[in-house]
Amino acid sequence: MITVVSSVIILGVIGIFFGACLAYASKIFYVQLDPRVEKIAESLPGANCGACGAAGCFSYAEGVVEGAFPANGCIPGGKDVATIIGGIMGCAVEELTPMKAVVNCKGGKKEARQKFEYMGVQDCKAAMLLAGGNKACEYGCLGFGNCVNVCQFQAITMGENGLPIVYPELCTGCGLCVKACPRGVISLIPQSQKIYVGCVNPEKGKAVKAVCEVGCLACGICANKNNNPSGDIVMEGGLPKISYQDNLRILPGATKCPTGTYVIDVTYPPVTYNQEKCNGCEGKPKPLCVKICPAKGCLTFDAERKKAVYDSSLCVGCELCISECPVVAFK
Amino acid sequence: MDIKVIFLIIIYSILIQNFVLSRFLGLCPFFGCSQKLSSAVGMGLAVIFVMVLASAITWILYTYLLDPATSVMGYMTANGVPPDLTFLRTIAFILVIASLVQFIEMFLQKKVPPLYRALGIYLPLITTNCAVLGVAVLNIDGFSAIGLNGKLTFLQSLVQGFAGGVGFLMVLVLMAGLREKLDLATIPESMKGIPVAFIMGGLMAIAFMGFSGLSI
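One line per chain: the protein sequences are L and Z, in this order.
In this text, residue positions in the first sequence follow the working numbering: the first is 25, and each later residue adds one.
In this text, residue positions in the second sequence follow the working numbering: the first is 5, and each later residue adds one.
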């Protein structure tokens with residue numbers, strides 16, 4: 025009996041003593057936390073990617089409350105998170121253009137020549153330390169997947185061809201992969217853009233041809249006036265530079281590329297052609313539509329019948345012929 | 005003699021009977037908290053702190069309240085013989101350790117918030133870390149490997165708590181360093197992450213078995 029009573033008393037006393045100590049300690053070590061910080065931190069993706077400029081999601085939340093960071097600063101969270109934060113902070117939020125990461129290199133194992141076989145640590149940075157990497161191209165993707173490993177959203181996988189594949193629907197545009205790539209082949213472009221340049225090699229012609237089948241030769245065909253009436257493509261430092269506005273305006277130039285360097289991730293419906301209306305652009309050596317069409321073999325000139333011949337299976341849907349035809353034979 | 009015993013306790017707790025690799029205590033944080041070197045160091049330091057404090061408080065608690073030979077509870081009984089409450093030691097020790105961890109959690113949240121966030125869920129998990137309860141119980145059970153069969157003295161308990169924590173920190177840091185390297189190695193897909201860490205932990209334990217032949 026005495027054992028039961030004394031054990032109950034002793035454990036009770038110990039419990040009360042420690043409870044009192046903890047209660048007192050919680051007074052001393054009380055941390056005044058703005059409830060908004062916790063709320064914002066909960067609504068963030070929690071990937072600690074650092075795209076906002078803060079060290080992690082929590083310090084970004086603190087920064088928002090202090091006013092150091094904007095409410096729409098979380099790039100992976102995008103519009104949804106910005107609206108929630110705006111609601112917590114009670115302020116209106118400007119919308120950011122949602123971005124995605126793209127790989128500006130098309131030279132996989134098949135297309136690009138290898139300088140030597142690399143058998144070291146499977147890491148792009150490590151591979152680059154050894155004679156500048158195993159690829160003959162000094163600029164292209166090394167394919168060891170630093171970007172795949174760093175992605176917090178599983179938006180990148182390594183393709184069979186030794187090039188990373190980005191899934192735009194999973195990509196939040198945080199830019200971690202851009203920082204992780206020692207070659208700088210990954211860039212961020214607006215989600216709506218489906219056409220981009222698949223090469224970062226600034227060298228020209230022969231030097232590029234020697235190392236990669238699909239590299240940009242800096243020929244400038246995509247940027248010349250016929251293929252690029254809008255002027256959205258400008259040659260700059262041996263590479264085309266696109267000002268992203270409308271996929272359709274870049275399409276003719278991108279289609280014309282002799283090496284197929286552009287990545288065209290979009291299909292447009294082919295135009296319809298009424299051959300009866302065509303007069304073969306009388307008085308001109310070649311019909312205007314045949315001259316302007318960027319797709320090879322899509323529009324050809326039948327000299328005997330004096331009419332343009334259209335192959336809809338080759339049409340890329342750029343609609344240049346519609347604006348060019350004087351008799352409105354295209355729709 | 006006393007210095008020699010303390011030296012032996014240190015060597016045994018850190019190397020020969022390491023809490024993680026020889027006694028297999030505290031394996032949850034050993035795998036859970038060893039992915040990054042920085043958080044491994046933080047966790048190790050927190051465990052050292054908790055183990056030393058827990059050793060001290062549980063020793064005092066056991067000696068003066070639970071152990072009938074030295075208890076001050078004699079006045080509670082009619083015949084002046086203190087009640088034998090040694091069966092309460094596990095629950096009493098858990099109580100002490102849980103309160104200590106709570107206290108440390110509050111302390112870190114106030115004073116070292118980055119460490120508090122880095123440790124995350126593992127800090128509350130020290131509460132149920134068997135290495136901490138293990139050291140408290142081993143202080144009472146004695147250290148038969150070096151001929152101490154009875155309860156350790158207060159100083160010896162403190163030393164065992166500290167050295168045990170240092171051993172834990174050392175193993176955690178070794179593991180974290182290896183796992184950081186391992187992230188870059190080419191290993192089969194199915195073995196990546198925890199599976200290969202288990203194998204490595206086993207190999208480390210085998211390596212530490214080599215210390216058991218050490219004669220001092």
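To be clear, the hints were calculated from the coordinates, so they are not data collected in a lab.
One or more hints might be untrue.
As the list claims (entries may be wrong) - Each computed DMTMM-like pair below joins lysine to aspartate or glutamate, with the alpha-carbon atoms no more than 20 Å apart:
no., chain 1, residue 1, chain 2, residue 2
1, Z, 196, Z, 109
2, Z, 185, L, 237
3, Z, 115, L, 58
4, L, 203, Z, 187
5, Z, 114, L, 343
6, Z, 115, L, 62
7, L, 51, Z, 187
8, Z, 115, L, 300
9, L, 149, Z, 71
10, Z, 114, L, 86
11, Z, 114, L, 147
12, L, 330, L, 289
13, L, 249, L, 147
14, Z, 40, L, 86
15, L, 149, Z, 109
16, Z, 114, L, 184
17, L, 133, L, 58
18, L, 133, L, 62
19, Z, 196, L, 90
20, L, 203, L, 162
Hints versus structure:
| no. | hint | in the structure |
| --- | --- | --- |
| 1 | 196(Z) x 109(Z) | violated (32 Å) |
| 2 | 185(Z) x 237(L) | violated (36 Å) |
| 3 | 115(Z) x 58(L) | holds (17 Å) |
| 4 | 203(L) x 187(Z) | holds (19 Å) |
| 5 | 114(Z) x 343(L) | violated (65 Å) |
| 6 | 115(Z) x 62(L) | holds (18 Å) |
| 7 | 51(L) x 187(Z) | violated (43 Å) |
| 8 | 115(Z) x 300(L) | violated (84 Å) |
| 9 | 149(L) x 71(Z) | violated (62 Å) |
| 10 | 114(Z) x 86(L) | holds (15 Å) |
| 11 | 114(Z) x 147(L) | violated (40 Å) |
| 12 | 330(L) x 289(L) | violated (36 Å) |
| 13 | 249(L) x 147(L) | violated (43 Å) |
| 14 | 40(Z) x 86(L) | violated (24 Å) |
| 15 | 149(L) x 109(Z) | violated (39 Å) |
| 16 | 114(Z) x 184(L) | violated (50 Å) |
| 17 | 133(L) x 58(L) | violated (53 Å) |
| 18 | 133(L) x 62(L) | violated (48 Å) |
| 19 | 196(Z) x 90(L) | violated (41 Å) |
| 20 | 203(L) x 162(L) | holds (18 Å) |
Hint violations for this structure: numbers 1, 2, 5, 7, 8, 9, 11, 12, 13, 14, 15, 16, 17, 18 and 19, all remaining hints satisfied.
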